[in-house]
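Listed in order, the protein sequences are those of chains A and B. Following our numbering, the numbering of the first sequence begins with 4 at its first residue and continues without gaps. Following our numbering, the numbering of the second sequence begins with 4 at its first residue and continues without gaps.
FYI, nobody ran anything at the bench for these hints, they're computed from the structure. Since the structure is predicted, the reported quantities are computational estimates derived from the model, not experimental observations. Hints may contain errors.
Claimed, not checked - Lysine to any residue pairs mimicking SDA-like chemistry, simulated, CA-CA at most 25 Å apart: (1) K180/B / P96/A; (2) K180/A / Q103/A; (3) K107/B / P177/A; (4) K152/A / E166/B; (5) K147/A / N173/A; (6) K170/B / T162/A; (7) K100/A / P177/B; (8) K152/B / T99/A; (9) K180/A / E106/B; (10) K107/A / K180/B; (11) K170/A / N142/B; (12) K147/B / E194/A; (13) K164/B / E144/A; (14) K240/A / N219/A.
Unchecked claim - Okay, the calculated bits of chain A under chain B, using three or more residues with CB under 8 Å as the criterion: (15) 158-169; (16) 176-185.
All residues carry an ideal CB built from backbone N, CA and C; glycine is no exception.
Number of protein chains: 2
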Amino acid sequence: MEIEIAQSYGFCFGVKRAIKIAEEHPGSSTLGPLIHNNMEIERLKRDFNVSLATNLDDIGAGQATVIRTHGIPKNDLKKLKEKGGEVIDATCPFVTKPQQIVEKMSEEGYDIVIFGDANHPEIKGVMSYATGPVYAVLNVEELKTISLKERVAVVAQTTRKIEEYNKIINYLVPHHKEVRVFNTICNATFENQDAARELARRADVMIVIGGKQSSNTKQLHTICREYCPDSYHIESKDELKKEWFEGKKLCGVTAGASTPEWIIEEIIGKIREFKV
Amino acid sequence: MEIEIAQSYGFCFGVKRAIKIAEEHPGSSTLGPLIHNNMEIERLKRDFNVSLATNLDDIGAGQATVIRTHGIPKNDLKKLKEKGGEVIDATCPFVTKPQQIVEKMSEEGYDIVIFGDANHPEIKGVMSYATGPVYAVLNVEELKTISLKERVAVVAQTTRKIEEYNKIINYLVPHHKEVRVFNTICNATFENQDAARELARRADVMIVIGGKQSSNTKQLHTICREYCPDSYHIESKDELKKEWFEGKKLCGVTAGASTPEWIIEEIIGKIREFKV
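Only chain A is shown next, with the shape it has when bound in the complex (with noise of 0.2 Å):
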C-alpha cells in the first residue's frame, strides 16, 4: 500500500519554521508560548532547552530570546533588544508583512485600520509600527464610530475570513477617496481543507490526524469523509488498526493546525508497520 500525505496539512508554514528556528538555538527562551501546544512546547523544553518566559521581565540580561509567530509590539522588540542577548525573530512572514506595510503606509500619511482584534498579540505588534493615526476594528458598527482622512489604507489580521474583510471594504470606498487594501489573509487553514479535499478523491483510505476536541481536524475529517468513506480521525499511533488497510492501494495522511510533525511521523511508521 502507497503512503502519501497531503499537499498542506498540520502546522502551517510560520508556526513550522518558528520550531525550526527554537530548535536552533537551544537554551534560549520564547517570550511567550511559541505556538498553541503543549505537547510541542514540552518538547522543545526537553530536547532542546527552550524555556518558556511569560513576559519581558522574566527574561534576564543577555538571554538569548525567540520572538514567537505573533510577533511583538515595536517597543518591547527595542526593551528585548536593550537587555543585550540575542533576539531571535521567529515572527511569520506573514505577520511581518503587515507589520512593514503598516510603518510604511502611516509614514505616506495614511490613516490605518486593521481588521482584526486588537488584544491579539498579534494585531497588538502590527498596530505598534503605526507613527500616525491607527485603529483595529472587528465590524463596521466599530469603523462607523472612527473618523478618518481621506486616504486610508487597510490591513486584515492573518486569520481573518476574507468575506469579512471585503465588508470592511465594503463601508470604507464610498467614504473615502482612496482606499488603499492590503490582502494580508493567511490562507492556511483553506490550504489544509483543499488539499485533504484533493487527497481524499484519490485515496482508499484517509487517516485525519489531530486532538478529537480540535475543530479544524474535525472539520478535516468531514471533507474527507464526503470523499473517502474510510476515513478515520485519531489522535495517536494506539488507534490505529490493521484491518483499516487491508486491501487499500493508497492510504492518505492530513492532519489538523495543531498537530505536531512528530506525531504524525509516528503515525506513519506504525502503518508502515503493518506492512500491508
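Since chain A is already given, all that's left is putting chain B on it; use the hints.
Here is chain B on its own, set in the frame of chain A:
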C-alpha cells in the same frame, strides 16, 4: 413669498464649468457636443459662435478648440495641439482626476482596472493615460477573463453606482496582494436628490424643472412630493399657475440634470412676477 433654490440642482459642477469656459471663448469649436442638450448647444452657437466639430479632422489649423467634460484620449490631445490652435480644456476635474491616477499608478507598476464602459468617451480618455496594462470592465464576469498582476489599482467611471463598484473590488481583494481603490465616482445626481429632499421638507410648494420624459427629473419630483404634497413638475414657464403660490410662504425650486440655468432663471422670474 420667499423663493429658495436647492443647494444642488440641474447641471452638475463640471457641466456648468464647461459652459462657462465655452462662453468665455467665442468663435471656438467644441470637439464633440459639449453637453447632451441641443437647446444649450444651439444657444452657444447663436450667442457665442461656439461651433461643433464632430471629430479631429473637422478642426482646421489654428482653430481654438474646447475639450468637453468627458475629456479626450491623450494621443488626440497631442494631435489637437499640433494643429496650432488654442486648446481650452473643459474636461470635468472629476474626469481629469482618474486620468491622472491611471497615469501615476501605471508608472508605479500597478495593473489598472477601470470599472466602466470601454466605448464611452470618458473611459476612452482615462484608459489612454495608462502606460502599462489597463482593462475596462463592466462586471465581475468580464473581470474573471483577465489575468492581472499582484498589485492592482482601480478607478471607476464617474457615473457608476458605488454598490456595483464594490462588487468589482470584492472580487479583486481575495485574488491580489494589494488593491488600491480610488473612489472616482461623482455623486452629482445623488446630491441633487439629497438637496431636493432637504428643501422639500421646509417648502410649502416645490417647482421641479426638467423634461417630462427625463427620468432623473421625475425621480426628483417623486422625492419632493413625498415631503411637500404641492410639488409640480414643469418644463417651461408657460406651465406655471399663479394659484399654486397663493398663501404660500416658501417656494422651493430644483431642476433635473439636463436643465440649463437660463430655463430655471426664466421660471423663477415668472414666479416673482406673480408677486404673491
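Each hint, compared with the structure:
About 14 Å separates the Cα atoms of K180/B and P96/A, which keeps this hinted pair within 25 Å; it holds. For the proposed pair K180/A and Q103/A, the alpha carbon gap of about 23 Å is at most 25 Å, so the pair holds. The hinted pair formed by K107/B and P177/A meets the criterion: a straight-line CA distance of about 22 Å does not exceed 25 Å. A threshold of 25 Å between alpha carbons decides the hint, and for K152/A with E166/B the separation of about 21 Å falls inside it, so the pair holds.
For the proposed pair K147/A and N173/A, the alpha carbon gap of about 12 Å is at most 25 Å, so the pair holds. For the suggested pair K170/B and T162/A, the alpha carbons sit about 23 Å apart, so the restraint of at most 25 Å is met. For a cut-off of 25 Å, the pair hint linking K100/A to P177/B stands: about 16 Å separates their Cα positions. A threshold of 25 Å between alpha carbons decides the hint, and for K152/B with T99/A the separation of about 22 Å falls inside it, so the pair holds.
Of the pairs offered as hints, the one joining K180/A and E106/B holds, with about 17 Å between alpha carbons and a cut-off of 25 Å not exceeded. This hinted pair checks out: K107/A and K180/B have alpha carbons roughly 15 Å apart, not beyond 25 Å. Between K170/A and N142/B the CA atoms are separated by roughly 19 Å; this keeps the pair inside 25 Å, and the hint holds. A hinted pair counts as satisfied when its Cα atoms are at most 25 Å apart, and K147/B with E194/A qualifies at roughly 22 Å.
In summary, the hint linking K164/B to E144/A is supported, as the alpha carbons are separated by about 23 Å, within the 25 Å threshold. Taking the CA atoms of K240/A and N219/A, the gap is near 20 Å; set against the 25 Å cutoff, the hint holds. Under the rule that three or more residues need a Cβ within less than 8 Å of chain B, the assignment of the region 158-169 of chain A holds, with 3 such residues. Proximity of the region 176-185 of chain A to chain B, defined as three or more residues with a beta carbon under 8 Å from a beta carbon of that chain, is established by the 9 residues found.
When each numbered hint is compared with the structure, no violation occurs for any of them.
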